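Asker: Chain by chain, the residues run as shown.
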Amino acid sequence: MSLLLDLFTIVAVSGGLFFFLAGTVGLLRFPDTLTRLHALTKADNLGLGLIVLGLLPQCPDIVSALKLVAIWALVQLGGATASQLIAEFARRGGGER
Amino acid sequence: MMPYATTPGGWMLVLALMLPVVGMLGIFALGLRHAERIAHATLLAGLAVALAIAVEVGRSGQAVTYLIGGWRPPLGIALQADGLSAVLMVMTSVILCSVGVFARGSFSSPPDGAEVRRPFVFWTLLLGLWSALNTVWLAQDLFSLFVALELLTFSAVPLVCLDGSRDTLRAALRYLLFALAGSVFYLMGTGLIYGAYGTMDIASLHQVARADWATSVALGLMIVGLMAKAALFPLHLWLPPAHAGAPAAASAVLSALVVKAPFILILRLWFDVAPQPLPAAAGAMLAGLGAASILFCSIMALRQARLKLMIAYSTVAQVGYLFLVFPLVMGSAAEMPWDSVGWTGGVLQLVSHAFAKAAMFLAAGLIAEALGHDRIADLGGAAKGVPVTVAAFALAGLSLMGLPPAGGFISKLMLLTAAVETANWWIAATILAGGILAATYVFRVVGSALAQPRAGLVMKAVPLNRELAVLTLALIAVALGFLPLQPLDYLGIGRGGMP
Amino acid sequence: MAEFLFAAAAIVLVLTGLGLARMLWGPSPADRMMAAQLLGTGGGAIAVLVAIAGDMTAVLDIALTLALLAAFAAVALTLGEPGSKRRGGEE
Amino acid sequence: MSLAVDLVMVLLILTAAVWTILARDRRDAVIAFIVLGLLLSLVWMRLLAVDVALTEAAVGGGATGLVLLRACARLLPVEADGALPGLRLQVAVGVLCAVVGACLAAVILSPPEPAPSLAPAVAAHMEDVGLKNPVTVVLLAYRALDTLLEKVVLVLGLIGVWALAPDLFWGGRPASLRAAVPSGTLTFLARVLPPIGVLIGIYLVWNGADHPGGTFQGGTVLAAMWLLVMMADLGDPPETRALRLRRLVAVGPALFIAVGLAGFGMADGFLSYPPGYAKPIIVAVEVALALSIAVILGLMVAGPAAKEPDQ
Amino acid sequence: MTPATLYGLCAAALVAIGLFGLILHPSPLRKVISFNLVGSGTFLFFGVAARRGAVAGFLGDPVPQAMVITGIVVAFAATALAVALLLRMLESGAPTVDGPPEQPDDLSP
Amino acid sequence: MAASGRSTTRAAVPGTVVRFLLFLLLWGILIGPAPANLVAGLPAAALACWVSLWLLPPFGQTLSLSALLAVLVRLPGQSLIAGLDVARRALSPAMPLRPGIVAYRTDIPPGLERDAFRALMSLQPGTLPVGEDADGALLIHCLDVDQPVTHQLALEEARFRRGTGKGSHG
Amino acid sequence: MTGQGLLIASSVVVPLLMALACLSPAVRGRMPGWLAIAPLPALLAAFLARGGSIVVAPAPLRLTLALDDVGAMLLGGAALLWAAAGAYAASYMRGQPGLGRFAVWWLLTLTGSLGTFLVADLTSFYLAFSVASLAAFGLVSFEGSPAALRAGRVYMALALLGEAFILLGFVMLAIGAPPGNPLIGEAVAFFPSSPLRDPALALLILGFGLKMGLVPLHVWMPLAHPVAPMPASAALSGIIVKAGVIGLIRFLPLEAALPGWGATLVAVGLFTAFYAVAVGVTQTQVKTVLAYSTVSQMGLVAAVLGAGLMAAAPGTALLAGFYALHHLLVKGALFLGVGVAMATGPRHRLLVLGTMTLLALSLAGLPLTSGALAKYATKPLFGDGLAATLATLSAAGSTVLMLHFLRLLGGVAKPGAERPPTGILWPWAAVAVAAFVAPWAMFAWATALPLSASLGAKALWAALWPIGLGASVWVALRFVRLPAIPEGDVVVLADRLAPAVGRAGEAVERADIWLRRWPVASMMLAVLAIALTVLLSAGS
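If you read the sequences in order, they're chains A, B, C, D, E, F and G.
Be aware that the first sequence starts at 13, since it is given in my numbering, and climbs by one per residue.
Be aware that the second sequence starts at -15, since it is given in my numbering, and climbs by one per residue.
Be aware that the third sequence starts at 747, since it is given in my numbering, and climbs by one per residue.
Be aware that the fourth sequence starts at 6, since it is given in my numbering, and climbs by one per residue.
Be aware that the fifth sequence starts at 5, since it is given in my numbering, and climbs by one per residue.
Be aware that the sixth sequence starts at 285, since it is given in my numbering, and climbs by one per residue.
Be aware that the seventh sequence starts at 2, since it is given in my numbering, and climbs by one per residue.
For the record, the hints were derived by calculation from the structure and aren't laboratory data.
Quick caveat: nothing in here was measured; it's all calculated off a predicted structure.
Each residue gets a CB set at the ideal place from its N, CA and C atoms; glycine is no exception.
Check each hint, because a few of them may be wrong.
[To be verified] Quick look at which bits of chain C chain A covers, simulated, 3 or more residues with Cβ under 8 Å: (1) 752 to 765; (2) 789 to 795; (3) 802 to 814.
Make a model of the complete structure from these sequences and hints.
Answerer: Next up, the structure:
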């Protein structure tokens, strides 16, 4: 059982790492500001989500696990709004002078 | 070094720290209507506490100590009033009380009780500044001293730009930034000290300090950071505009007291923290900068067209004298540093300059109020309009010049004696040259103030109680000249145990 | 398992670090701010990994704080709009 | 392996630091500084100083960043930064700073053996206080004076900021913080996040007695939430003349001092706590302090009064 | 080399970098930022001391950690005050970029 | 303290209670189940609730909890699809991107509801709201304008509106 | 506390209180009329309190006043001249603007100058000396004309320099003496064996010599004395320079023979005596000539002291004092007399000019005048060598200078002047009478020589021939075209330095602006930190 959970953790966390990689690559490769924002929000949020998911079995107690989920939820909320704010900002001229 | 223990009367030290804070919070929370009353009550109570502490130090013949929360250093923080601290505390409270009386005229709340900016800011910051100063005089912990220094900066900077004019804002910003640079240097040093010794307590450090690279770096950073805050040449960029731009009551406090705090800290670092004996070259460097301060900034003072700027430059010069102490004390034959003439001379110079400079700035403020300007060349008639003020200025000037019977004479004579005793001829020459320059710039003002008024000059009347506040300070500066010409035992109280 | 999680944290750090190139290249402030956002998310990930791997649940609070304030900088950035005429107190 | 990670971290930090200095645009510099703050928060975590990491995350990433970005916003239309001076001077200063850095590095490279520490002393007396978070014990018991003075610093800082108001505006409201262009997204965030933030802030304060966290971290989070509300234009900064507001500012330090002075009667003296009651007293003081800190930080960021007081 | 030492060196570098900016940047806002950089480096020195002092079952010496927290608070207050000051100065029409030192023309009240 | 909410109507009380309980639950998640912590938890949750009521007055409409839950449950899946979408484009050497902005006319009235929908949208695959045009249409930035973006969004909107109890307008 | 002590104290305290009272504008307005009263306690003390002393503040301060023989002699003369000049001023300056201010400076100067004769401890001496020198600035620059201001500046600069010399000298003197504030006697007794004897002596001679106007430190005198109002000139030239004399008398270890230093002093003094004559005869202003005469006479006093120091001759102090007293009174009378002469019409002119001639030639040692006594009394000190010859010849020099003075005086009458006002006539007459009488009365007491000896034919001849010689030279000089030497002679060299000083000041200002630039100052911060670190670690 423990082994299975460990395996789950490894798979999920690795998945998370993959999406972080994708996010970073996207951030570096994508051609314009708004596109890059997609990479940031979507890939990284997913990355964090997978990592949180993978860590759940490893949590020492239920409270930490719930806290992990809460963290993920907060990041979702933050990411969803921050990306829009930056997008609005970028579209209005991106702060370029 | 005797281990710390709370001594009888130690609670008064807490009072000295907390009274101003309570007063400040009181004004803040209750609004302006009560500001002046609270401030004056606090000032009086604080003066009483300071005197009581000084008496207790003298009576018991040992330092008054208090361990905060009963925690013994190095874990806890100790407050300690030795003879030197007691003197400084009394000096601080007397000057602040006089400034309080003086400021009644310029920072009173309006009669309708509406809150206005200047009195509110002035009184709260004055009290904040006082708590900071008392902390600097009393705390025995390098980190608490850092916090106290910041407290000092935060109270002092807004006082500079109380006017809100463009130039004073610039001056205040410059002051703040440079003071912060100094603070961060000091803090860096304390960090290294903690890394090396695991304590911030001055007495503990005194026992364990080693002469190694880490300690040298730490001390170098701390002392130079403090020099920046003391505006020692060539780190004086911020002082002239800041001190000249502040309202007179604030300038008096800034010039008389605030720049002294970092110096006292340097003194403590040098003699209480650093591994003894320190290389003579290091002391000579500080004294060399002090000498440069004296000569350079006296000449600058001489060339100013504005009275307040002149006084401000004079502050830089006079602070320079304090730094002459290091080689004089280190080279002295006295058994303990504080038994030497140089030590007493340095402390006396600090105290007498504080009184004299406070009197000068306040006098300059009154003169400017009476005449409507402070151009030195056009001061004619001031002696007729505000004779008491001009007399106070002249008396304070005596002290600055180092002429008898003023306090500045005794202090400079002691420094000179120490210089001759230790064969530091260049220091002797500097002291003398500084005296000549000071006399010249003071005479320039007094002469101008005594000149005939320009035709059609209308002078504003100045309330007598404000003039008397100024005169009191000047008279104290002069009265200090009646101290005997020998090391004061009082200044050694509470320091005896340290080798 | 802890080893793996620590390694994962290290990898996240490296990946986020690469993202900092955006901070240098820009070209617009929005792009640079994205690097900060990335670090917020990545930092949260690192914190949770370290917290669980090192069994220091207190570290979770760091992640919590980072998550809570993640959007804060982005909000602050929008204060500095181009063409904003607002100066001082007047509206 | 582990050192390699640290090396990466150091590289990232130095990159951000250099960019903070070299960035041509001041806003780019501020962003780099925010990034640096987040990285430093991770460093503190790595150094196992979780309390500090929390503080750095809240302040470096949050409060300071906001202050600086707001400054950029208000400086933007007015004036450029002015470039760094010529290359020759840059090289000279660079060498000078490198020497300073080398001096410091030399100190770091020759640490004393064994490393000094007050940890045993802290541990020895933890029982007396009854709290489990050593940092909080240090802050509120052993070195309570520093903490108290630091709060006074904050109050004075606030007075200093307020002092900059033009006479006419004294007592009025600070300049609004609202974003130049209204944004529904921001409003949404400001409606949803603050309650959660308030809860987290209180949690950090309450939890700080026994676990990492504490007054300042919690207070900062609370302040951040308040500022968020102000930025979304859901609430204006309050009038600075309001006595109720001022009492909120003063309540923390005042309670701290009162408790300290009460120590003269009820315990061993100033800032000592009666045995057995230390924890509740400290927590009460912390709560009051957190409240004051939140208000002070919010007001400091908001700035001096910029409008005439309402009649 | 321990991580603490490495971060100590990093702190020294941070100080040097910040100092560079503090000396050379003409604009006060950049100076404030640079000051914060130097401050961060300084705090790291405390952190190194704390980490090295990890004994008695503690992960680190809590005393310097507490000092850093106090230091961060003070540095924030300093930053806020400096920024408020420079904004006010700007509103009063003074140039923000360093010129030669000012000689106030008229300081009379 | 919760009762001090200004506009708390009788009908809204249950909502208030729900919020309070939710915050109390969050408190429990943060600090653990030890009852001693309730000393702080109750006032903290009450304060949070009060703040929440102040910022977010109770809706005058009924929420369909099941429909909302359905939206939330879809979220991780959507998130996964979105992540995979980005990863595919980012890691593919050809980098298949056809970015562009699409205007999307929504029936959701401006206000909190629309803001919430936008937040949701920004987590959807391939879409990122970047503002509104002069007519009040949402401007959506897409990674690939060839995708049937508006169609998808319309479906999402319908689901969302069911959750907020206004599904009939869809 | 004795009556004598109180009298001594009151001679300083009364004028000081009068000065303080001037803080009240009402009092200040009336003060010029009361100036003559201020020195009266001192005059009384000189007669009644000789040998008395009073400790104003006990140990460790030890502020002490004491009146010894030399002090009493000079104090009496000074008080008399101050009183007369004060009365003279009240009348002479009536109606001038700023009289209240004049009174303040006058009273302060007076307090200090009387104090120098009275004080017995080191600190008080320095105090009195400083008050006298610095307050005199107000008298010098009182007129406010460009010349007066320039004179005031030069005076101030040199006075401060002198103060500095003296202070350093005192410090060296006091080192090794008991800590605190030693009495002058104690410090000087320790002096000859002090390791710092030579530098201290050099500094003291420089400082006091500056006050006396020894060449080349005399430059301020011909500038300062003439520009002051007439009564002030009298006080400056008659009394203030005696502060230097009393300083040398008090501080030279006259009991210990120091031939080297003595010889130096004699050489400098005699050179001064002749140099001042040489420059003086080229001058065209009455008061300037008198000022040069003062320089010359003070040179002689210095020479007398030097001679005494060489031989450790007993009684030197009293002899020098005697000579100085004579000069004090005569010079005072001469300055006051210039004012009288200017206000006198042809009808009374002869009497005034006659008196002035007698006074002037008395300075040259005309037989039967008091001046002859002074010269006679000091002659033995010089022995028989070159110094003696030169000292004798100096009388010829004085004659030349005085004749020059008298010739100029003849031409200064104001047109339309009639009888001089009594307000200035009587004070002048009183001083003149005292100048003739006092030395006669004191001769035996001060010199321990029989008065009759000075009236012997040999003595008369010895006094007469130099005057004859001087007169011949003066006549001869009338046919020589004398170069025009500006007032203050070598001070013009300093004037040439003025632009350089100004440029240096500007350079300092520029340096300040540079140093106060942010990058410079903050770089200094780093540089200093490194430097201090290196220095601190150098020892370890």
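Asker: What are the numbers of the hints the structure violates, in ascending order?
Answerer: none
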